[in-house]
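Q: Starting from the given sequences, assemble the full structure and let the hints guide the process.
Take a look at the letters that make up each chain.
Number of protein chains: 4
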Amino acid sequence: MRKIDPVKHEQKRRDILEAAGRCFAKDGFRGASISSICSEAKISAGHLYHYFASKEAIIEAMAATGLEHAEARFNHLMKSDNPIEGLIAEIEQANTQSCSAQQHQIDMRAKKQLHVDMLAEAGRNPAMAEIVNQHSTKIRGMLATLLETAQKRGQIDQTLDPDLAAAILLSAMEGVGNMTMRDPELDMKKKLDMLSTLIKRFLTPGSGK
Amino acid sequence: MRKIDPVKHEQKRRDILEAAGRCFAKDGFRGASISSICSEAKISAGHLYHYFASKEAIIEAMAATGLEHAEARFNHLMKSDNPIEGLIAEIEQANTQSCSAQQHQIDMRAKKQLHVDMLAEAGRNPAMAEIVNQHSTKIRGMLATLLETAQKRGQIDQTLDPDLAAAILLSAMEGVGNMTMRDPELDMKKKLDMLSTLIKRFLTPGSGK
Amino acid sequence: MRKIDPVKHEQKRRDILEAAGRCFAKDGFRGASISSICSEAKISAGHLYHYFASKEAIIEAMAATGLEHAEARFNHLMKSDNPIEGLIAEIEQANTQSCSAQQHQIDMRAKKQLHVDMLAEAGRNPAMAEIVNQHSTKIRGMLATLLETAQKRGQIDQTLDPDLAAAILLSAMEGVGNMTMRDPELDMKKKLDMLSTLIKRFLTPGSGK
Amino acid sequence: MRKIDPVKHEQKRRDILEAAGRCFAKDGFRGASISSICSEAKISAGHLYHYFASKEAIIEAMAATGLEHAEARFNHLMKSDNPIEGLIAEIEQANTQSCSAQQHQIDMRAKKQLHVDMLAEAGRNPAMAEIVNQHSTKIRGMLATLLETAQKRGQIDQTLDPDLAAAILLSAMEGVGNMTMRDPELDMKKKLDMLSTLIKRFLTPGSGK
DNA sequence: CATGAATGAGCATTCATTCAT
DNA sequence: GATGAATGAATGCTCATTCAT
Chain S
1 MRKIDPVKHE QKRRDILEAA GRCFAKDGFR GASISSICSE AKISAGHLYH YFASKEAIIE
61 AMAATGLEHA EARFNHLMKS DNPIEGLIAE IEQANTQSCS AQQHQIDMRA KKQLHVDMLA
121 EAGRNPAMAE IVNQHSTKIR GMLATLLETA QKRGQIDQTL DPDLAAAILL SAMEGVGNMT
181 MRDPELDMKK KLDMLSTLIK RFLTPGSGK
Chain F
1 MRKIDPVKHE QKRRDILEAA GRCFAKDGFR GASISSICSE AKISAGHLYH YFASKEAIIE
61 AMAATGLEHA EARFNHLMKS DNPIEGLIAE IEQANTQSCS AQQHQIDMRA KKQLHVDMLA
121 EAGRNPAMAE IVNQHSTKIR GMLATLLETA QKRGQIDQTL DPDLAAAILL SAMEGVGNMT
181 MRDPELDMKK KLDMLSTLIK RFLTPGSGK
Chain D
1 MRKIDPVKHE QKRRDILEAA GRCFAKDGFR GASISSICSE AKISAGHLYH YFASKEAIIE
61 AMAATGLEHA EARFNHLMKS DNPIEGLIAE IEQANTQSCS AQQHQIDMRA KKQLHVDMLA
121 EAGRNPAMAE IVNQHSTKIR GMLATLLETA QKRGQIDQTL DPDLAAAILL SAMEGVGNMT
181 MRDPELDMKK KLDMLSTLIK RFLTPGSGK
Chain E
1 MRKIDPVKHE QKRRDILEAA GRCFAKDGFR GASISSICSE AKISAGHLYH YFASKEAIIE
61 AMAATGLEHA EARFNHLMKS DNPIEGLIAE IEQANTQSCS AQQHQIDMRA KKQLHVDMLA
121 EAGRNPAMAE IVNQHSTKIR GMLATLLETA QKRGQIDQTL DPDLAAAILL SAMEGVGNMT
181 MRDPELDMKK KLDMLSTLIK RFLTPGSGK
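Chains as they are written, first to last, in the UniProt record's numbering: chain S, 1 to 209; chain F, 1 to 209; chain D, 1 to 209; chain E, 1 to 209.
In short, the hints are calculated from the structure, not lab data.
Each hint should be verified, as a subset may be incorrect.
The list treats identical chains as interchangeable, and a pair is accepted whether it falls inside one copy or across any two copies.
To be verified - Subject to a maximum C-alpha distance of 20 angstroms in a straight line, what follows is the list of computed DMTMM-like cross-link-like pairs (lysine to aspartate or glutamate):
{"id": "1", "residue 1": "Lys200", "residue 2": "Asp161"}
{"id": "2", "residue 1": "Lys12", "residue 2": "Asp27"}
{"id": "3", "residue 1": "Lys190", "residue 2": "Asp163"}
{"id": "4", "residue 1": "Lys189", "residue 2": "Asp163"}
{"id": "5", "residue 1": "Lys152", "residue 2": "Asp81"}
{"id": "6", "residue 1": "Lys12", "residue 2": "Glu60"}
{"id": "7", "residue 1": "Lys26", "residue 2": "Glu148"}
{"id": "8", "residue 1": "Lys200", "residue 2": "Glu68"}
{"id": "9", "residue 1": "Lys200", "residue 2": "Glu90"}
{"id": "10", "residue 1": "Lys138", "residue 2": "Glu185"}
{"id": "11", "residue 1": "Lys112", "residue 2": "Asp183"}
{"id": "12", "residue 1": "Lys42", "residue 2": "Asp15"}
{"id": "13", "residue 1": "Lys138", "residue 2": "Glu68"}
{"id": "14", "residue 1": "Lys26", "residue 2": "Glu56"}
{"id": "15", "residue 1": "Lys190", "residue 2": "Asp157"}
{"id": "16", "residue 1": "Lys55", "residue 2": "Asp27"}
{"id": "17", "residue 1": "Lys189", "residue 2": "Asp161"}
{"id": "18", "residue 1": "Lys190", "residue 2": "Glu148"}
{"id": "19", "residue 1": "Lys79", "residue 2": "Glu10"}
{"id": "20", "residue 1": "Lys138", "residue 2": "Asp187"}
Bear in mind the structure is a predicted one, so any value in this text is a computation, not a measurement.
A: See the structure below:
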């Protein structure tokens, strides 16, 4: 007679988070209103608070799960034996819409937008800063490990500090990702080729003098 | 009957813009209120509307003048004969606080914050998108010209497309600049050294295979 | 098909009423929420409505049973042959914490708070006004009867109208009880001694001129 | 051209305070809404916040000014040479509506209601508790001084501690004042006569044994 | 020029209550 | 009996903007 169904509850949470993601991408964390999120999620204003304690909590949950997904994907792509190839695969994955053109492009754009919003938010919201920093540290660690392994194999320059090199590479990749916002007129394919070149030259052994 | 003094008027506009910059850096474009800007600028709420038609207008004007300053500084630093040296100078200028430590660091952080905010805003505000894009295009043009000249002189790799290379370089620099937000624990000096290495390897002739 | 157990039902009602009492004392009738009462009573929000039709109904039931308890205690203490002694006993009972200091003091304070809240509520809620008035009339009747008996015995001034004197005495006692709220710094023991003096002088025969 | 008119501002504050008083008396501090106060004061919801920082601030200001008025009136009535006469005058002033029957009675009732509400609020709002306590302490001091003087003149019993006696008298008066809420059916005139008797017997010299 | 009074829509959040299970 | 999901109106408060002076 009395049951708590944690599965349904969790599913609803995810639904709301997705709706919130669409609203945040369109209007920003501050610009999106609770009522717009509720409309998008097709629930009443009051009911949202059975799932999240506050707007802040929604933002944090969304940032956290979003970054976890990114992390998982990155982790998967780093399985390659060659870090250069892995990075390039990751870049292409993150910046191109391969199949279901229209819909995917929207998701892509929304993800980039959320990413930049999180960075901006991190600058003034300590909770967000910590989420972003933890995620960044994790990803950096993964890449650093990969670089170290590759160094031992002689695939990449052995004089580079793996951690610092990872930091710089990820920053550069992020910067190039943001170009969609800054310079939407540039051809994505050409940018990615040039980025590949940059990465190869940076990492290739013997190029360090 | 006497006309307004256009010089004074322009000065007041600049004062307000500076005050707005401080508020926006602290609270974001949406988070900062007109009344807080007026307090900071020491004018009354109503009076602000003699200088700007709306909050939107303030945001746009601030973005525009802010980017013009950045542009001017970049232009000045690109005067060097060697683009690699120029870029590194620019990076250091943009990421370190040389003299009046405390105050400067605050300004630095505020500028970075505003920069990211503008990027985020550009994603949803077409007016902001155009401002950011125009500025980006200008800076990219400058750097591309410089790279082209250097290619002719044989200082850098001649196989690189100057425009694309400039785009990638600027993106990477921006990404590294944003690291302060993502990973505040990393040592700035080391990051800049690594970035220099990246740029050198990317541009140095003969490294292309 | 089996009927509800009226004993259990009544017990649950009492449990809820007690929980409600704690919440109301802490946050007031308006300030306490149904959900906080349900938490305190360890039942679900919806289930409460099997026992009470509305928040209003809870408030009224709580006021009624609370006053019935007060009434019973008063009735018991008025059993004494001498009304002066009885009143003083009642005052001490109502204003001091004899044994389990800490806990009792909390209960004391909560009761006083509820008492004042009821009075305030009575001013704008006719249902509450009637409850308070009925209770007050009953208690006043008891005391009046007692005074009348004592007058016949010559224990107290015979010129006093018993009903009016009872009203005034009860009011004064209530006022002194409320002093805990108004002037918490005053010593309770001394106040009670002074109140005893007041009562004695008021009632003692021959003091009327 | 530019003027701040503090007189007008202060007048508006008072207007709002009066409107708030009416709303609070009708619905209680918690029950009255900002929007109802604004309707009553004929201003917009937002504009109220130019005059008061919060609802809390309105409540406190209203309590403070209300008690100041009461204090002033009390002070004036205590000018009499005989404290017994003064107190009785005060009681009558506070509990009867002499002239403009209808309107005054409403004010009277509203004042009593607010008084009880303040006491209830003081039990859980420290700010209100302090306001009530400060006022109470002041009034008590006045009365104690008066009693002391009268003791020296031999007008009242010299064995009573003036401060405690003042506390008890004020409490009793308050309790009787609250009777309007508890027992509205009782005749006010008779109650006041009986209260006079109580006071006289309490204070008259020689009645202490 | 410059002020600050004034507006009214909008915000995040809370709450008493209902209902399907 | 008993649960917790669901509602939607209401609350205190903020804000960009306008306007009389």
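Q: For each hint, tell me whether it holds in the structure or not.
A: Results for each hint:
1. Lys200 <-> Asp161: Answer is both; intra-copy 16 angstroms and inter-copy 16 angstroms each pass.
2. Lys12 <-> Asp27: neither (22 angstroms within a copy, 31 angstroms between copies)
3. Lys190 <-> Asp163: So Lys190 and Asp163 pass the 20 angstroms test across copies only (11 angstroms; inside, 28 angstroms).
4. Lys189 <-> Asp163: Cα proximity of Lys189 and Asp163: across copies only (14 angstroms, versus 28 angstroms in one copy).
5. Lys152 <-> Asp81: Classified as within: same-chain Cα gap 12 angstroms, cross-chain 39 angstroms, threshold 20 angstroms.
6. Lys12 <-> Glu60: Classified as within: same-chain Cα gap 17 angstroms, cross-chain 39 angstroms, threshold 20 angstroms.
7. Lys26 <-> Glu148: neither (40 angstroms within a copy, 39 angstroms between copies)
8. Lys200 <-> Glu68: neither (27 angstroms within a copy, 34 angstroms between copies)
9. Lys200 <-> Glu90: The answer is within: 14 angstroms in one copy meets 20 angstroms, while 24 angstroms across copies does not.
10. Lys138 <-> Glu185: Between. Shortest inter-copy distance 14 angstroms satisfies the 20 angstroms Cα cut-off; intra-copy 33 angstroms does not.
11. Lys112 <-> Asp183: So Lys112 and Asp183 pass the 20 angstroms test inside a copy (14 angstroms) and across (19 angstroms) alike.
12. Lys42 <-> Asp15: within (10 angstroms within a copy, 30 angstroms between copies)
13. Lys138 <-> Glu68: So Lys138 and Glu68 pass the 20 angstroms test inside one copy only (10 angstroms; across, 37 angstroms).
14. Lys26 <-> Glu56: Answer is both: 17 angstroms inside a copy and 17 angstroms across each meet the 20 angstroms cutoff.
15. Lys190 <-> Asp157: between (26 angstroms within a copy, 18 angstroms between copies)
16. Lys55 <-> Asp27: For Lys55 and Asp27, both the intra-copy (14 angstroms) and inter-copy (17 angstroms) Cα distances are at most 20 angstroms.
17. Lys189 <-> Asp161: Classified as between: cross-chain Cα gap 14 angstroms, same-chain 30 angstroms, threshold 20 angstroms.
18. Lys190 <-> Glu148: between (29 angstroms within a copy, 18 angstroms between copies)
19. Lys79 <-> Glu10: Close neither inside one copy (30 angstroms) nor across copies (58 angstroms); limit 20 angstroms.
20. Lys138 <-> Asp187: between (31 angstroms within a copy, 17 angstroms between copies)
Hint check: violations occur at hints 2, 7, 8 and 19; the rest are consistent with the structure.
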